[in-house]
Each structure stands twice: as C-alpha cells, then as structure tokens.
Amino acid sequence: MLTALAPVRPSNLAGLASLMAGPRPVHFIAGGTDLLVSGRRLPETGVIVDLSAVAELIGIDCSGADIRIGSATTVASLEAHAGLAARCAALAQAAAECGSVQIRNRATIGGNVANGAAAADLIPVLALVGARLEVMLRGGVRTEIALGDFQPKTGGLITAVVLPGRALLPRSAFAKLGARRDLTISRLNMAATAEFVESRFRALQIVAGALGPRPLRLNRAEEALEGRTLDPDSLRGFMQVLSTEVDAAIPGRASHAWKRRAIRGVGLDLIARLCGLSPRDPVFEEAL
Amino acid sequence: MKLTLRINGSVVEQDADPLARLSEFLRQVLGLTGLKEGCCEGECGACTILMDGAPVHACLTLIFQAHEREITTVEGLGDAGVLTDLQAQFAGAGAVQCGYCTPGIIMSAEGLLRSTLTPSDEEIRHALAGNICRCTGFETIVRAVAAEAARRCEAGC
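Taken in sequence, the protein lines are chains W and G. For the first sequence, the working numbering assigns the number 288 to the last residue and increments by one with no breaks. For the second sequence, the working numbering assigns the number 445 to the last residue and increments by one with no breaks.
No wet-lab data here; the hints were simulated from the structure. Since the structure is predicted, the reported quantities are computational estimates derived from the model, not experimental observations. Built from N, CA and C at the ideal position, the CB exists for glycine as well. Some clues are possibly wrong.
Stated by the list, open to error - Here are a few chain G residues that face chain W, going by a calculated C-beta distance under 10 Å:
| hint | residue |
| --- | --- |
| 1 | C328 |
| 2 | T349 |
| 3 | G399 |
| 4 | G418 |
To be verified - According to the in silico footprint, chain G covers these stretches of chain W (three or more CB under 8 Å from chain G):
| hint | region |
| --- | --- |
| 5 | 45-57 |
| 6 | 103-109 |
Bound conformation, chain W alone (with noise of 0.2 Å):
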C-alpha cells in the first residue's frame, strides 16, 4: 500500500538541506536497522531521507589533530580503519562488537547516536572521549555542540563526529557483556582511555554503558587504579570499587544484583585490553 511518506535518497548535501527546508515534517533515516524491528513503526507523512547516498557524510579523516567522522558512515568502516584504530582502539573495538556483519554494513555512527538506546555499543566510547557532533539545522545552518547536549527529534541533522585529538590518549580499549558472544546487545559495557608511566596507570578514565539511560563515568574506579601498577591487589581493589559503583549507580534495579558481580569480569577484560593482554594472563586469575 502506499503511504502518503514520501521516500527521498539525496546525494549531496546541498540536496539534503533544501530539503530539510521544506515545508513537510523531515525523517532521517541511516542504516535503518533498527527502525524495522518489531514495536516500531514508519511515520506516516512527510519526507523520509535515506542518508546513506550523501557523500559528504561518509568518510573517516584521521590526518588532523581531530578526528572527523562522517555520520553516515558505516560501524564496518569504523572496524575496519586501520588509522582509526591506531588512534582510538576503544572505537575500533566497540565498533567490531556491535551487532553482526550484516548489521555492521548498515549501521552507522550517527544512527547510533541519534537513536539513543542505553545499550548502545559506540556510546561509551564517545563519551569517553569527549566526542563533539556536527550538527546541520533546518535552513541548512551549521553548529557544533557535545554529545551529552544532543536532543533526538528536534529535526536537526548530525553531519559529523569529531573526536577531540587531546582526549586520545595511547591507550584505549572496550568490553562487553551480552547474552553471548557476538550478535547480542551490551547487558553492560565499558571503555576506557589511559597512559602507562613508568609501569603505572596514569590519567585513566573509564565510562560504563547500559548501567542507566546515559554513559557513566566511573570516577572512583579510576581513582582506585589511578597511578597503581597492574597487579593482583590493584586489580582487586579496583573490582571492589566497580561493584560499589554499580551500587550506586541502580540501586533497587532488577539488575542490580547481577550486575555488580558481572562488572567485575568485565572490568578485568577492559583492563587486559588495555594493557594488550589476555585476560586469561596469570595477573588477572590471580585477582579473581
């Protein structure tokens, strides 16, 4: 049957912010690959824009002191990227976790983030990082605002992610916990940035996702690595503290018991990717 929502595949951006002008109620849509699930539902007027044809909102630019990734651009390519990686493994990594391949050759950077969903792989890392959207406004104007500023549904167009260079430490990984190993959705996930001074943590910054409806930082599990070597009694201190976060990060929650206890391993995951390690090292049993 056909609907009075009119499909539109523009392929510059010139042809996407004339119509992004016009007079009918303007739907984006990326990827797309989770507005076809079941409980959702196709708007029924306006004008539906498919995204993925417009080149200049593909592309990831690692040659700056930022970098800038188009938000049409795909979680494969961000898998894939081989600068990217050197420069923000935790993005690389999140990005190889989300969904399948099929799902990965669709979904993109912006869908992720325009979506909102709590467990959402890409998020974390994000907001680890401090990431900066593009932002293109009915009438084509541009700005730029933080990640935690933007506002789903107020018709504005995210261009591009930029991950702030001073935020990229050498050193960053994600983990996730889902029902299984691939193909599943974050029951809990962590990233994380540090540098290693002399065997020691430094200038650590952790942020959990699906632990609440936005990213968490957890700032007192960064302290209890902060400046320790990797070791036993550091590790078994620091997951101590992760439970303790996610005490007061749900208390009451359903999930709350399993959680705290789930944090844990997936805390010395992140922290073996970290140090480019397996988690199956001695260091790590040992702490368990």
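Since the structure of chain W is already known, use the hints to place chain G on it.
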C-alpha cells in the same frame, strides 16, 4: 511508485511500495525465494543478500534504500540448477541439513570471500556470527568456507 533496481545483474523496473521490506519484494514479487524471512529483526541472518558486494539483511532494508545499489541474492551467484563451488563445498562438508538458513550463510560467506581469500577460522566465525543454524552445527560450515577460500586462493580467483 515505479522503482528501478539492479538485481542479480539485471535491471528491474517494477511498481512497488518503496517503504516495504526488500525481503518481501524479492520473495513475493520477484519470486527469489532463496532468501528467507526468518525473524524479520536482523537476528537470524536467513534473509542475507549482498548489497554492493557486502552482506546485509534484506528484512531490515526498505525497498527504496536499494535504489541504484547492486543487489545479489543466492540465485544470482550461479546458474539455475547448478551448484556454485561454494555451495558444492557446503554439500561436500555436510554443512547443510534442513537448509533453511543455508542461503543466508552462503551469502555471508560469499561476502567474506570477496573481501579476503585467506580468512582464519576466527575470521570465518566472526563473519558468520549473524547467521543462526539450529540443526547442522557450525563446525562443518566453517570447514566448508575454509575449503572454498583455499580453493579460490589456489585457483588465483
């Protein structure tokens, strides 16, 4: 709305609802029933097709999103009635049982083999993680894909 799509090497012009699922259009309008609509949520992978050479879910794609894209279904990999080499590897390895999931897995495997001819077992498993088989088990499927990769490598494909 009249849509122009490129499917299995042919240009198809057809009246269709541009906002319908591509999987529905391929199966019910064009009769390309190799792909299956299993879960319609992007979980099972039975509807996997190649879009510009990359595996995607036909069930999560609106028809108009396929405009000007090169769509390949399992029927487009070879000639009717003749197994492709990849399909023959599946049959030879015992990687097919009920067969419901097989076309989707074949398309995911084809997508992988178009990007690399030297995948490790881990890379094969990663590439097939979006396809669920409930009867064969995955060992034989991984062996079939590895065998086809080796064959193509040897043949210099």
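The hints, checked one at a time:
no., hint, verdict
1, C328, "holds, 7 Å"
2, T349, "holds, 7 Å"
3, G399, "holds, 7 Å"
4, G418, "holds, 2 Å"
5, 45-57, "holds (count 4)"
6, 103-109, "holds (count 3)"
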